[in-house]
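**Q** Each protein sequence line maps, in turn, to chains A and B. Using my numbering, the letters of the first sequence correspond one by one to residues 1 to 299. Using my numbering, the letters of the second sequence correspond one by one to residues 1 to 335.
One or more of the hints may lead you astray.
Restraint ranges, calculated between C-beta atoms of paired labels, are given here [what the hints assert, rightly or not]:
hint : chain 1 : residue 1 : chain 2 : residue 2 : range
1    : A       : A109      : B       : L189      : 48 to 54 Å
2    : A       : K202      : B       : V321      : 23 to 29 Å
3    : A       : V128      : B       : V6        : 21 to 27 Å
4    : B       : L15       : A       : A207      : 29 to 35 Å
5    : B       : T94       : A       : V128      : 41 to 47 Å
6    : A       : G27       : B       : L15       : 39 to 45 Å
7    : A       : P245      : B       : R178      : 49 to 55 Å
8    : A       : R135      : B       : Q60       : 48 to 54 Å
9    : B       : T94       : A       : L71       : 52 to 58 Å
10   : A       : A207      : B       : T180      : 52 to 58 Å
11   : A       : P55       : B       : P177      : 40 to 46 Å
Looking from chain A toward chain B, a few residues come up when the C-beta cut is under 8 Å (computed) [what the hints assert, rightly or not]:
hint : residue
12   : L49
13   : F143
14   : P144
15   : I239
Here are some chain B residues the structure puts well away from chain A; computed CB gaps all over 10 Å [as the list claims (entries may be wrong)]:
hint : residue
16   : I23
17   : F200
18   : A325
Calculated from the structure, these hints are not laboratory results. This one's a predicted model, so the numbers in the text were calculated from it and none came from an experiment. Using N, Cα and C, we set each Cβ at its ideal position, and we do this for glycine too.
Letter by letter, the chains look like this.
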Amino acid sequence: MASTPLPITQEADLLREGAGAVTWLEGVRRLLTNPTAAVGSILVGFWILIAIAGPLAAPQNPYMQHLDARLTPPSALQWLGTDSLGRDILSRLLYGARLSISGGFAVVAAAVVIGTLAGVTAGFFGGVWDDLVMRVTDMFLAFPSLILAMAIAAVLHPSLTNALIAVAVTWWPTYARLIRGQTLAVKENQYVEAACALGMGKIGIIARHILPNAFAPVLVQATLDVGAVILTLAGLSFIGFGAQPPTPEWGVMVSDGRSFLQTQWWVPTLPALAILSLVLACNLAGDGLRDLLDPRSER
Amino acid sequence: MFLQFVARRLMLMLLVLFGITLITFVVSHVVPADPVAAYVGSQAPQGVVEKVRHEYGLDQPLPEQYLVYLGGLLRGDLGTSIHDDRPVATDIATYFPATFELAMAAMVIAIVLGLPIGVIVATRKDKLVDHMARALSLTGVSLPVFFLALLLLAVFYVKLGVLPGPGELSPYTQPPPRVTGMMLVDTLLAGDLPAFQDAFSHLVLPAFVLGFATTGIIVRMTRSSMIEALRQDFVRTARAKGVGRYRVVVVHALRNAMIPTVTVIGLAFGSLLSGAVLTETIFSWPGLGRYATESVVTLDIPAIMGVTIVAAFTYSVVNLVVDVAYALLDPRITY
Numbered sequence: 001m002a003s004t005p006l007p008i009t010q011e012a013d014l015l016r017e018g019a020g021a022v023t024w025l026e027g028v029r030r031l032l033t034n035p036t037a038a039v040g041s042i043l044v045g046f047w048i049l050i051a052i053a054g055p056l057a058a059p060q061n062p063y064m065q066h067l068d069a070r071l072t073p074p075s076a077l078q079w080l081g082t083d084s085l086g087r088d089i090l091s092r093l094l095y096g097a098r099l100s101i102s103g104g105f106a107v108v109a110a111a112v113v114i115g116t117l118a119g120v121t122a123g124f125f126g127g128v129w130d131d132l133v134m135r136v137t138d139m140f141l142a143f144p145s146l147i148l149a150m151a152i153a154a155v156l157h158p159s160l161t162n163a164l165i166a167v168a169v170t171w172w173p174t175y176a177r178l179i180r181g182q183t184l185a186v187k188e189n190q191y192v193e194a195a196c197a198l199g200m201g202k203i204g205i206i207a208r209h210i211l212p213n214a215f216a217p218v219l220v221q222a223t224l225d226v227g228a229v230i231l232t233l234a235g236l237s238f239i240g241f242g243a244q245p246p247t248p249e250w251g252v253m254v255s256d257g258r259s260f261l262q263t264q265w266w267v268p269t270l271p272a273l274a275i276l277s278l279v280l281a282c283n284l285a286g287d288g289l290r291d292l293l294d295p296r297s298e299r
Numbered sequence: 001m002f003l004q005f006v007a008r009r010l011m012l013m014l015l016v017l018f019g020i021t022l023i024t025f026v027v028s029h030v031v032p033a034d035p036v037a038a039y040v041g042s043q044a045p046q047g048v049v050e051k052v053r054h055e056y057g058l059d060q061p062l063p064e065q066y067l068v069y070l071g072g073l074l075r076g077d078l079g080t081s082i083h084d085d086r087p088v089a090t091d092i093a094t095y096f097p098a099t100f101e102l103a104m105a106a107m108v109i110a111i112v113l114g115l116p117i118g119v120i121v122a123t124r125k126d127k128l129v130d131h132m133a134r135a136l137s138l139t140g141v142s143l144p145v146f147f148l149a150l151l152l153l154a155v156f157y158v159k160l161g162v163l164p165g166p167g168e169l170s171p172y173t174q175p176p177p178r179v180t181g182m183m184l185v186d187t188l189l190a191g192d193l194p195a196f197q198d199a200f201s202h203l204v205l206p207a208f209v210l211g212f213a214t215t216g217i218i219v220r221m222t223r224s225s226m227i228e229a230l231r232q233d234f235v236r237t238a239r240a241k242g243v244g245r246y247r248v249v250v251v252h253a254l255r256n257a258m259i260p261t262v263t264v265i266g267l268a269f270g271s272l273l274s275g276a277v278l279t280e281t282i283f284s285w286p287g288l289g290r291y292a293t294e295s296v297v298t299l300d301i302p303a304i305m306g307v308t309i310v311a312a313f314t315y316s317v318v319n320l321v322v323d324v325a326y327a328l329l330d331p332r333i334t335y
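Taking the hints into account, I'd like the entire structure generated from these sequences.
**A** Set out below in structure tokens:
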């Protein structure tokens, strides 16, 4: 902090603007000038657009079977061909985008909310509550997450919704850890002390001062995690503990088509490529975001 | 001081393990699904259902069931599998070595590939190799592992025929007498070289698939900590003194860059053990992951609990070892 006291008004100005504060527009501009982040965010944007508009653009009903047109290769008529039941793969991919993307975002959002609440209160209040929260996160981190997710999915009956719940349960402790560490650092700042001295309530301090300043690493981690969660959900569906056939979920589609890899490559490969491109996009965007938000990280 | 640190970590670990048994127990007993009904079938008369329920102690109050379970746990008794009627501990002892061998092999592949690549790209930052390695490691963490497995099987087993298909051994190979349960070790102990070669070639694909994502992680970690280390003053001093480039990179920088890498390796090993589920399913690998899948499908609750506890225990032990190794590697760390 500055050693010579600034005039009150000037200090207030600094406080209001913050040293490195940038507008949203500036943030987007910076994001797009970083090549990795730009490619990543454009791809993520593309997939989100498909998730929203895909079902409208789908040429056919994704569940409609055409047994006389099974396993037809990609052609001008059916761009991505058909699967073993004659269903149009393009239409199924377009519908599946919505499931995978909303699933990934929902799980991460739930995990971020739970983890942030637990972590920020643990770091801010400390004491017994802190110990308790940290030990509980220890337990959840030690759990074999995929096995726990499988068990939860199995006892609640395998479905996409239950897989979402199961994965969220295993994912929140990372955020609790992360935000607690940030909170411990941020709460030592003078502006927190100042807010305290001004008589601001604890909740107000957490909401106005701690969270906004502690959130950057959570944002980076969350972006990277959307990809990892999408992979996990697809994996659960692949072994039968997530979305169930005939749902046009990408993991299910790879599983359905696995025996055709040699002969009709497009049946399992196209959904796998869809997963790869979406997850890669999330990882690129997350990497780029980290470069932007964390000046210490070395590219 | 050091012993105190280890003792405190051990205490914490016991606490965590206790919590895990509690969570697993609650999750598996306060569930709508009825394992007894799943076991005896829906057509079984009520008397049979009650008898089975009593046999497995499932008619006792929950806290009592938990205490009985905990008591057994302390004696190394994980209960009896509802599915195959064998002690869960025996089942796990049967399946664990295969998973351990697979995870070890995956780790070896990940380290042997990841560490040198990470060092090389760190010395050629922003050159072509660096970008290629980054693309590869990003793909590694983005590719669905189940598709990679299918793809490699299709290419190396079906198309080229250079590697064998799923399983631990070819159907024509006589399995060696079981000593450790790890195929490579057992075939060597039996002095059966052809069987060893067979086991080795069966291990290559699943280990590569399981280690692929970890390789990417190790490359990234090594790269960033090497770049950091290469910028330090002692590296510049060594260079100024005329120390050879190879010696500077390997002896001076790498040794200091190893600490974060060791952490990542340790953590990755813990997750490899539980992450083997998908790989084992696809490669018909007779390990813990496949046992877990089967237990989940049959709602075999003692087995699910056993696998979860063993996996959590392994993870915690590995974590402890990493922490201790960390403290030993870096003299600056105080306990």
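**Q** Does each hint fit the structure? Answer for all of them.
**A** Now for the hints, and whether the structure bears them out:
1. A109/A <-> L189/B: 48 to 54 Å: The hinted range 48 to 54 Å holds for A109/A and L189/B, with Cβ atoms some 52 Å apart.
2. K202/A <-> V321/B: 23 to 29 Å: The hint (23 to 29 Å, Cβ to Cβ) is violated, given that K202/A and V321/B are roughly 40 Å apart.
3. V128/A <-> V6/B: 21 to 27 Å: For V128/A and V6/B the Cβ distance comes to about 25 Å; the hint holds.
4. L15/B <-> A207/A: 29 to 35 Å: Between L15/B and A207/A, where Cβ atoms are some 32 Å apart, the hint holds.
5. T94/B <-> V128/A: 41 to 47 Å: holds, 43 Å
6. G27/A <-> L15/B: 39 to 45 Å: holds, 43 Å
7. P245/A <-> R178/B: 49 to 55 Å: violated, 39 Å
8. R135/A <-> Q60/B: 48 to 54 Å: violated, 28 Å
9. T94/B <-> L71/A: 52 to 58 Å: violated, 41 Å
10. A207/A <-> T180/B: 52 to 58 Å: Given range 52 to 58 Å: holds, Cβ gap about 57 Å.
11. P55/A <-> P177/B: 40 to 46 Å: violated, 59 Å
12. L49: The hint is violated - L49/A has no Cβ within 8 Å of chain B, the shortest such distance being about 20 Å.
13. F143: Nearest chain B Cβ about 6 Å off; hint holds.
14. P144: holds, 3 Å
15. I239: Given a least distance of 5 Å, the restraint on I239/A holds.
16. I23: Not fine: 6 Å to the nearest Cβ puts I23/B too close to chain A.
17. F200: holds, 25 Å
18. A325: Consistent with the label, A325/B stays out of reach of chain A, its closest Cβ about 18 Å off (over 10 Å).
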